[in-house]
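Sequence lines, in order, name chains A and B. Each residue of the first sequence is one higher than the one before, starting from 1 at the first, in our numbering. Each residue of the second sequence is one higher than the one before, starting from 1 at the first, in our numbering.
A hint or two may mislead.
From chain B, some residues computed to sit far from chain A (all C-beta separations above 10 Å) [claimed, not checked]:
| no. | residue |
| --- | --- |
| 1 | Arg20 |
| 2 | Asp45 |
| 3 | Ser49 |
| 4 | Pro68 |
| 5 | Cys76 |
| 6 | Gln77 |
| 7 | Thr79 |
| 8 | Glu91 |
| 9 | Cys92 |
| 10 | Asp114 |
So these bits of chain A aren't anywhere near chain B, every CB distance computed over 10 Å [said to hold, decoys possible]:
| no. | residue |
| --- | --- |
| 11 | Lys13 |
| 12 | Leu176 |
| 13 | Ser201 |
Here are the simulated lysine-lysine pairs, BS3-like style, with alpha carbons at most 30 Å apart [claimed, not checked]:
| no. | chain 1 | residue 1 | chain 2 | residue 2 |
| --- | --- | --- | --- | --- |
| 14 | A | Lys150 | B | Lys32 |
| 15 | B | Lys78 | A | Lys9 |
| 16 | A | Lys97 | B | Lys78 |
| 17 | A | Lys181 | B | Lys78 |
| 18 | A | Lys200 | A | Lys59 |
| 19 | B | Lys32 | A | Lys97 |
| 20 | A | Lys180 | A | Lys150 |
| 21 | A | Lys28 | A | Lys112 |
| 22 | B | Lys78 | A | Lys191 |
| 23 | A | Lys112 | A | Lys13 |
| 24 | A | Lys112 | A | Lys191 |
| 25 | A | Lys181 | A | Lys191 |
| 26 | A | Lys13 | B | Lys32 |
| 27 | A | Lys180 | A | Lys200 |
| 28 | A | Lys9 | B | Lys32 |
| 29 | A | Lys97 | A | Lys112 |
| 30 | B | Lys16 | A | Lys150 |
| 31 | B | Lys16 | A | Lys97 |
| 32 | B | Lys16 | A | Lys9 |
| 33 | A | Lys13 | B | Lys78 |
| 34 | A | Lys180 | B | Lys78 |
Hints are computed from structural coordinates only; laboratory data are not their basis. Glycine included, each C-beta is placed from N, C-alpha and C at the ideal position.
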Amino acid sequence: MSIITVERKVLEKNDEIAGRNRALFLSKQIFVINLVSSPGSGKTSILERTLEYFNHRVKLAVIEGDVQTDFDAQRIARYDTPVVQIVTNGGCHLEAKLVEDALVNLDLDGVKLLIIENVGNLVCPSNYDLGEALKVVVASTTEGDDKPLKYPGMFQHASALIINKVDLLPYLNCDLNALKKNALSINPALKVFETSCTTKSGIPEWCSWLEQNLSTS
Amino acid sequence: MHELSFAENIVEIIHKSVPRDELEDVRIIRLKIGTLSGVVADSLDFCFSAISAETPLANARLEIEQIPFSVQCNSCQKTFANDIGIVVCPECGGVDTNVVAGRELQVTEIELDDKKEKTS
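Construct all of the structure, not just a fragment, from the sequences and the given hints.
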């Protein structure tokens with residue numbers, strides 16, 4: 001028997017490409033968010049409200065990731081915003097290579113903020129660095145208050161948590177304080193926002209935070 | 001099912017680390033997998049078997065060392081462990097803590113059957 005010592009990260013290839021993406025974003029001074037959540041939490045609606053809020057005052061671009069269809073890219077394109085749809089054809093997450101390939105088809109001229117909407121999934125996307133500056137996780141009130149404890153990996157890797165659909169709280173058995181407490185027990189540094197894409201509450205706070213990050217990046 | 005993607009990455013690492021004519025001598029690939037790495041060991045094992053069947057790596061198997069999630073508190077210096085990823089110190093309630101283990105996703109060693117031993 002002979003033994004070869006390897007000591008290599010399983011995802012070293014992904015991390016290498018993510019590093020290339022990050023260097024490109026830095027050179028173009030683009031702030032990049034990787035937006036993650038379970039399916040149906042309202043990621044695309046939050047993007048729509050964000051685009052409305054900035055109203056072209058800050059130039060945004062969007063990369064959409066879905067298992068099938070370009071429905072989300074069609075929604076974003078209505079806001080006259082550069083958008084590319086990645087269809088993973090069954091893949092449960094975005095990888096750095098998919099983003100690198102998508103960037104070829106995205107006009108980044110003058111773009112200050114790029115938001116990558118990951119495939120709806122609270123497990124797999126947490127392992128894959130895409131080259132983003134920050135991960136932001138969305139948890140909606142309809143999912144219940146125990147999500148952070150069930151899917152700790154995603155909440156640990158995120159810098160901010162958007163609790164969406166707060167307008168539905170009167171109709172649900174979701175304890176908002178418990179949801180926040182659970183998330184902060186997994187990641188005490190999380191910046192927490194409470195939003196509703198229907199009433200637009202919390203959207204200005206979320207967008208102001210984004211803008212602060214743009215100016216300090 | 002991202003374990004398939006991990007299994008493909010492991011095969012690629014083996015190809016980078018072992019000369020081509022020795023691939024069929026690979027017997028064991030040792031991995032360190034943290035309990036909070038989001039990887040299901042059984043699932044990874046199944047995916048690796050599926051993609052290495054009928055290849056030179058058909059006789060290789062994974063040996064996975066699970067690394068428990070553990071956190072050190074910078075306030076009271078205690079180290080604590082749990083399975084669900086809580087990083088708030090259970091002793092003093094401190095939130096200034098560092099994750100010291102449990103997120104590993106690493107190939108550490110590859111063991112080969114030595115050809116010379118077989119022929120002697």
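Cross-check of the supplied hints:
1. Distance check for B/Arg20 against chain A: the nearest CB is about 14 Å away, which clears 10 Å, and the non-interface claim stands.
2. The beta carbon of B/Asp45 is kept farther than 10 Å from every beta carbon of chain A, the shortest such distance being approximately 14 Å.
3. Non-interface status of B/Ser49 relative to chain A is upheld: no Cβ of that chain comes within 10 Å, the nearest being about 16 Å off.
4. Against chain A, the non-interface label of B/Pro68 holds: every CB pair exceeds 10 Å, the least being about 14 Å.
5. With a cut of 10 Å on Cβ distances, B/Cys76 stays outside the contact zone with chain A, its closest approach being about 15 Å.
6. With a least beta-carbon separation of about 18 Å from chain A, B/Gln77 lies farther than 10 Å from that chain, consistent with its non-interface assignment.
7. Residue-level check passed: B/Thr79 sits 17 Å from the nearest beta carbon of chain A, beyond 10 Å.
8. With a cut of 10 Å on Cβ distances, B/Glu91 stays outside the contact zone with chain A, its closest approach being about 14 Å.
9. Consistency note on B/Cys92: stated as away from chain A, and its beta-carbon is indeed over 10 Å from all of that chain's, at 13 Å minimum.
10. Against chain A, the non-interface label of B/Asp114 is violated: not every CB pair exceeds 10 Å, the least being about 5 Å.
11. With a cut of 10 Å on Cβ distances, A/Lys13 falls inside the contact zone with chain B, its closest approach being about 6 Å.
12. With 10 Å as the threshold on Cβ separation, the claim that A/Leu176 sits away from chain B holds: the shortest Cβ distance comes to roughly 19 Å.
13. Every CB of chain B lies more than 10 Å from the CB of A/Ser201, the least distance being 28 Å, so the non-interface label holds.
14. Restraint check: the Cα-Cα separation between A/Lys150 and B/Lys32 comes to about 23 Å, which is no more than 30 Å; the hinted pair holds.
15. Pair hint B/Lys78 plus A/Lys9 holds up; C-alpha atoms about 28 Å apart against a cutoff of 30 Å.
16. For the hint pairing A/Lys97 with B/Lys78, the CA-to-CA distance comes to about 40 Å; that exceeds 30 Å, so the pair is violated.
17. A threshold of 30 Å between alpha carbons decides the hint, and for A/Lys181 with B/Lys78 the separation of about 22 Å falls inside it, so the pair holds.
18. Distance hint between A/Lys200 and A/Lys59 is fulfilled; the C-alpha atoms sit about 21 Å from each other, no more than 30 Å.
19. For the given pair, B/Lys32 sits about 25 Å from A/Lys97 by alpha-carbon distance, which is consistent with the 30 Å threshold.
20. Proximity of A/Lys180 to A/Lys150 is assessed by CA-CA distance (about 14 Å); at most 30 Å being required, the pair is judged to hold.
21. As the CA atoms of A/Lys28 and A/Lys112 are separated by approximately 8 Å, the hinted pair is consistent with the 30 Å bound.
22. For the hint pairing B/Lys78 with A/Lys191, the CA-to-CA distance comes to about 26 Å; that is within 30 Å, so the pair holds.
23. Among the hinted pairs, A/Lys112 with A/Lys13 is consistent with the structure: their alpha-carbon atoms are about 27 Å apart, no more than 30 Å.
24. Between A/Lys112 and A/Lys191 the alpha-carbon distance is near 21 Å, which keeps this suggested pair within the 30 Å criterion.
25. Using a Cα cut-off of 30 Å, the hinted pair A/Lys181 and A/Lys191 holds, with the two alpha carbons roughly 12 Å apart.
26. Taking the CA atoms of A/Lys13 and B/Lys32, the gap is near 17 Å; set against the 30 Å cutoff, the hint holds.
27. Taking the CA atoms of A/Lys180 and A/Lys200, the gap is near 20 Å; set against the 30 Å cutoff, the hint holds.
28. Distance hint between A/Lys9 and B/Lys32 is fulfilled; the C-alpha atoms sit about 9 Å from each other, no more than 30 Å.
29. A distance of roughly 22 Å separates the Cα atoms of A/Lys97 and A/Lys112; the hinted pair therefore holds under the 30 Å criterion.
30. At roughly 36 Å between alpha-carbon atoms, B/Lys16 and A/Lys150 are farther apart than 30 Å, so this suggested pair is violated.
31. Straight-line distance between C-alpha atoms of B/Lys16 and A/Lys97 comes to about 19 Å, which keeps the hinted pair within the 30 Å bound.
32. Only pairs whose Cα atoms come within 30 Å are accepted, and B/Lys16 paired with A/Lys9 is accepted, the gap being roughly 13 Å.
33. A distance of roughly 35 Å separates the Cα atoms of A/Lys13 and B/Lys78; the hinted pair therefore is violated under the 30 Å criterion.
34. Of the pairs offered as hints, the one joining A/Lys180 and B/Lys78 holds, with about 25 Å between alpha carbons and a cut-off of 30 Å not exceeded.
When the structure is compared with the earlier hints, violations turn up for hints 10, 11, 16, 30, 33 and for no others.
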